[in-house]
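*Asks:* Kindly produce the complete structure, drawing on both the sequences and the hints.
Number of protein chains: 2
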Amino acid sequence: MKFNKELDSIKVYEAGKPIELVVREFGIAPEEVVKLASNENPLGTSPRVAATIRANADKAHLYPDDSMFELKEALSQRYDVLEETLIIGAGSDQVLEFVSRAKLHPGAKVLMSRVTFAMYEIYARQQGATILRTPDWRHRPEEFLAMMREHRPDVVYLCTPNNPTGDAMRREDLFAVLDGADPETLVVVDGAYMEYARAKDPDYAVDPREILEYPNALYLGTFSKAYGLGGMRVGYGIAQPGIIEALLKLRPPFNITTLSLAAAITACSDDEFLEKSLALHREQIGRYEAYARAHRFDYIESYTNFITWNFGGDLNSTDLAEALLERGVIVRDLASYGLNALRITVGTAAQNDRLFAAMDEILG
Amino acid sequence: MKFNKELDSIKVYEAGKPIELVVREFGIAPEEVVKLASNENPLGTSPRVAATIRANADKAHLYPDDSMFELKEALSQRYDVLEETLIIGAGSDQVLEFVSRAKLHPGAKVLMSRVTFAMYEIYARQQGATILRTPDWRHRPEEFLAMMREHRPDVVYLCTPNNPTGDAMRREDLFAVLDGADPETLVVVDGAYMEYARAKDPDYAVDPREILEYPNALYLGTFSKAYGLGGMRVGYGIAQPGIIEALLKLRPPFNITTLSLAAAITACSDDEFLEKSLALHREQIGRYEAYARAHRFDYIESYTNFITWNFGGDLNSTDLAEALLERGVIVRDLASYGLNALRITVGTAAQNDRLFAAMDEILG
Numbered sequence: 001m002k003f004n005k006e007l008d009s010i011k012v013y014e015a016g017k018p019i020e021l022v023v024r025e026f027g028i029a030p031e032e033v034v035k036l037a038s039n040e041n042p043l044g045t046s047p048r049v050a051a052t053i054r055a056n057a058d059k060a061h062l063y064p065d066d067s068m069f070e071l072k073e074a075l076s077q078r079y080d081v082l083e084e085t086l087i088i089g090a091g092s093d094q095v096l097e098f099v100s101r102a103k104l105h106p107g108a109k110v111l112m113s114r115v116t117f118a119m120y121e122i123y124a125r126q127q128g129a130t131i132l133r134t135p136d137w138r139h140r141p142e143e144f145l146a147m148m149r150e151h152r153p154d155v156v157y158l159c160t161p162n163n164p165t166g167d168a169m170r171r172e173d174l175f176a177v178l179d180g181a182d183p184e185t186l187v188v189v190d191g192a193y194m195e196y197a198r199a200k201d202p203d204y205a206v207d208p209r210e211i212l213e214y215p216n217a218l219y220l221g222t223f224s225k226a227y228g229l230g231g232m233r234v235g236y237g238i239a240q241p242g243i244i245e246a247l248l249k250l251r252p253p254f255n256i257t258t259l260s261l262a263a264a265i266t267a268c269s270d271d272e273f274l275e276k277s278l279a280l281h282r283e284q285i286g287r288y289e290a291y292a293r294a295h296r297f298d299y300i301e302s303y304t305n306f307i308t309w310n311f312g313g314d315l316n317s318t319d320l321a322e323a324l325l326e327r328g329v330i331v332r333d334l335a336s337y338g339l340n341a342l343r344i345t346v347g348t349a350a351q352n353d354r355l356f357a358a359m360d361e362i363l364g
Numbered sequence: 001m002k003f004n005k006e007l008d009s010i011k012v013y014e015a016g017k018p019i020e021l022v023v024r025e026f027g028i029a030p031e032e033v034v035k036l037a038s039n040e041n042p043l044g045t046s047p048r049v050a051a052t053i054r055a056n057a058d059k060a061h062l063y064p065d066d067s068m069f070e071l072k073e074a075l076s077q078r079y080d081v082l083e084e085t086l087i088i089g090a091g092s093d094q095v096l097e098f099v100s101r102a103k104l105h106p107g108a109k110v111l112m113s114r115v116t117f118a119m120y121e122i123y124a125r126q127q128g129a130t131i132l133r134t135p136d137w138r139h140r141p142e143e144f145l146a147m148m149r150e151h152r153p154d155v156v157y158l159c160t161p162n163n164p165t166g167d168a169m170r171r172e173d174l175f176a177v178l179d180g181a182d183p184e185t186l187v188v189v190d191g192a193y194m195e196y197a198r199a200k201d202p203d204y205a206v207d208p209r210e211i212l213e214y215p216n217a218l219y220l221g222t223f224s225k226a227y228g229l230g231g232m233r234v235g236y237g238i239a240q241p242g243i244i245e246a247l248l249k250l251r252p253p254f255n256i257t258t259l260s261l262a263a264a265i266t267a268c269s270d271d272e273f274l275e276k277s278l279a280l281h282r283e284q285i286g287r288y289e290a291y292a293r294a295h296r297f298d299y300i301e302s303y304t305n306f307i308t309w310n311f312g313g314d315l316n317s318t319d320l321a322e323a324l325l326e327r328g329v330i331v332r333d334l335a336s337y338g339l340n341a342l343r344i345t346v347g348t349a350a351q352n353d354r355l356f357a358a359m360d361e362i363l364g
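Protein sequence lines, in the order shown, are assigned to chains P and Y.
Start counting the first sequence at 1; every next residue gets the next number (our numbering).
Start counting the second sequence at 1; every next residue gets the next number (our numbering).
Simulated from the structure, these hints should not be mistaken for laboratory data.
Just so it is clear, the structure is predicted and the values come from calculations on it, not from any experiment.
Please note that a few of the clues may not be correct.
In this list, chains with the same sequence are indistinguishable; a pair is considered to hold if it fits within one copy or across any two.
What the hints assert, rightly or not - In silico BS3-like cross-links for lysine-lysine, where the CA-CA straight-line distance does not exceed 25 angstroms:
1. K5 <-> K109
2. K200 <-> K276
3. K276 <-> K2
4. K72 <-> K11
5. K59 <-> K276
6. K59 <-> K109
7. K5 <-> K200
8. K11 <-> K200
*Replies:* Here it is in structure tokens:
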């Protein structure tokens with residue numbers, strides 16, 4: 001049977017290995033596996049959110065309020081924006097999918113950094129669009145602006161802080177790209193890790209309201225990282241109403257589960273958990289920087305909840321990831337991104353101890 | 001800003017009114033509202049599923065196992081099919097979206113019954129495809145076969161039992177359509193309510209394995225109805241591996257939440273709840289048939305968990321739906337489908353009592 005030709009070039013996405021797979025493949029007890037591969041919140045689920053889920057466990061048969069009235073109200077208050085500037089997705093991922101389907105088609109172009117979030121390319125390929133990448137893995141504004149002038153892309157992705165490298169754009173650089181964009185170019189500012197950037201250095205953070213001033217920009221946020229709801233699939237987009245209306249046409253009804261909606265509403269007012277998450281991260285990330293310095297390899301200055309160790313010629317990231325896996329520690333090898341690097345979620349003190357012990361053993 | 005032209009003809013989908021909205025609009029206490037509009041399971045959430053959700057409430061920060069190993073294994077055993085014939089969606093809705101995006105494009109054609117599940121058309125419009133409908137609201141095999149010969153559609157939707165009418169195709173009629181389909185036509189057999197048809201009359205039910213024998217057919221099932229997981233968004237498609245591979249290219253990673261995955265795995269072995277759901281339905285639906293007969297209006301013989309009251313000239317479905325709403329009873333008016341009819345979920349004895357009392361009051 002024939003399918004649309006855009007599918008020909010698409011490979012099925014393989015996500016990071018879940019703990020269950022390591023248990024099955026290496027026979028390691030589940031409680032012994034340390035997963036620092038998916039940037040999940042090492043503090044776990046907020047106790048307030050877990051209580052909300054338990055209290056709503058017997059509502060699994062009921063469809064959610066598809067207007068998402070309460071969640072939109074909570075987000076609208078949190079960011080001081082109007083409700084008609086909001087769209088909720090099953091993770092900010094789904095909003096990315098809406099963007100791709102609303103703007104891209106064969107012949108359309110998207111521009112992104114050489115090394116950035118994998119789904120930008122996957123969703124663009126599904127639409128048959130042409131993918132353009134800047135030469136550097138960093139988000140260099142001059143490279144973006146030059147390629148925007150030359151190619152007039154339909155969509156530009158600015159992932160800041162960037163996954164999987166961890167670096168972020170300076171505010172002035174981000175605004176320079178936004179100011180230089182053609183009015184028909186949709187510039188997506190993916191702030192999935194913005195909470196960590198803001199806590200580290202406000203010069204590298206933006207507020208959704210600042211993005212909302214541009215008629216051709218979309219801000220993306222998520223509950224998956226600092227709010228600890230990775231498994232619940234809730235993210236959001238913030239943009240001027242014309243953009244939101246177009247994206248809403250592609251939103252399937254009930255795209256958030258009943259429990260996800262309840263969890264996200266609770267998370268919106270759970271500042272205590274957010275502060276704790278950021279504090280744990282601040283306390284632990286220095287150990288990764290120190291470990292890299294002590295072992296004379298580079299790391300990328302991180303504005304996220306993970307750190308990227310960028311090795312020179314002596315170490316091979318794929319071998320290291322495999323050796324860590326055998327010791328029950330799951331990290332993300334960035335070889336497929338063209339980097340000899342490992343992306344490691346900064347965990348709890350005990351999880352990080354396990355990683356450093358495994359590294360010591362491997363490096364001998 | 002310009003968007004893809006396919007979006008021009010799309011209106012934003014409005015789901016049925018949630019209880020919260022009726023509470024807000026009519027000032028009725030939430031516990032007084034009876035919702036018989038969304039075909040949610042009136043028995044509620046299975047106690048075993050609710051226990052699973054509570055036990056996993058503190059795993060909301062963890063991404064689900066994206067291979068869905070355990071759920072696929074459970075479904076594979078339940079239906080005696082190979083795992084490579086399975087795809088999991090956020091509701092069977094999401095599998096419908098994959099079908100549309102894999103097969104449809106401007107110039108492509110889809111064929112469906114005059115009155116059937118609204119999302120077939122919405123997803124087809126998103127792809128810019130041409131929508132063809134049979135003249136009758138019933139799924140008449142001769143109409144489908146004639147239109148298939150004339151138009152050679154890329155996708156045919158057979159919703160059996162059909163939503164929102166409740167009728168179903170006889171097995172021999174369904175197989176006649178499948179046998180007459182062009183090898184390049186994908187025939188989707190949407191069995192969202194199949195458990196109810198099987199319990200009522202096996203002549204109107206098919207097994208996924210029977211659909212799997214066709215190289216150009218896809219069976220859809222869901223946990224939203226008989227299994228009581230409407231709010232958790234889990235459905236599945238079953239087809240030969242070539243079709244599944246194409247659809248998997250469009251599946252976003254982590255399309256099911258961590259709690260939805262756990263809930264669905266539990267539901268797969270929860271035969272006790274399934275039997276209870278079917279028994280309650282069998283016990284209550286006769287009351288709706290008797291009420292219609294007593295008040296001299298038609299109903300459509302139902303193979304689903306709802307019944308459709310099909311009025312003659314004397315009663316107006318829109319007025320009735322509004323009058324019921326004012327009394328705190330939410331049902332689905334089918335005026336927008338071109339029928340002077342109400343679709344009513346068969347509820348618990350107490351819920352149905354409320355509906356009949358409100359109807360008595362309205363009819364005077």
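*Asks:* Next, verify each hint and record whether it holds.
*Replies:* Quick rundown of the hints versus the structure:
1. K5 <-> K109: both (17 angstroms within a copy, 16 angstroms between copies)
2. K200 <-> K276: within (14 angstroms within a copy, 55 angstroms between copies)
3. K276 <-> K2: neither (52 angstroms within a copy, 43 angstroms between copies)
4. K72 <-> K11: between (35 angstroms within a copy, 20 angstroms between copies)
5. K59 <-> K276: between (30 angstroms within a copy, 18 angstroms between copies)
6. K59 <-> K109: neither (43 angstroms within a copy, 39 angstroms between copies)
7. K5 <-> K200: Cα proximity of K5 and K200: none, with 45 angstroms in one copy and 43 angstroms across.
8. K11 <-> K200: neither (37 angstroms within a copy, 43 angstroms between copies)
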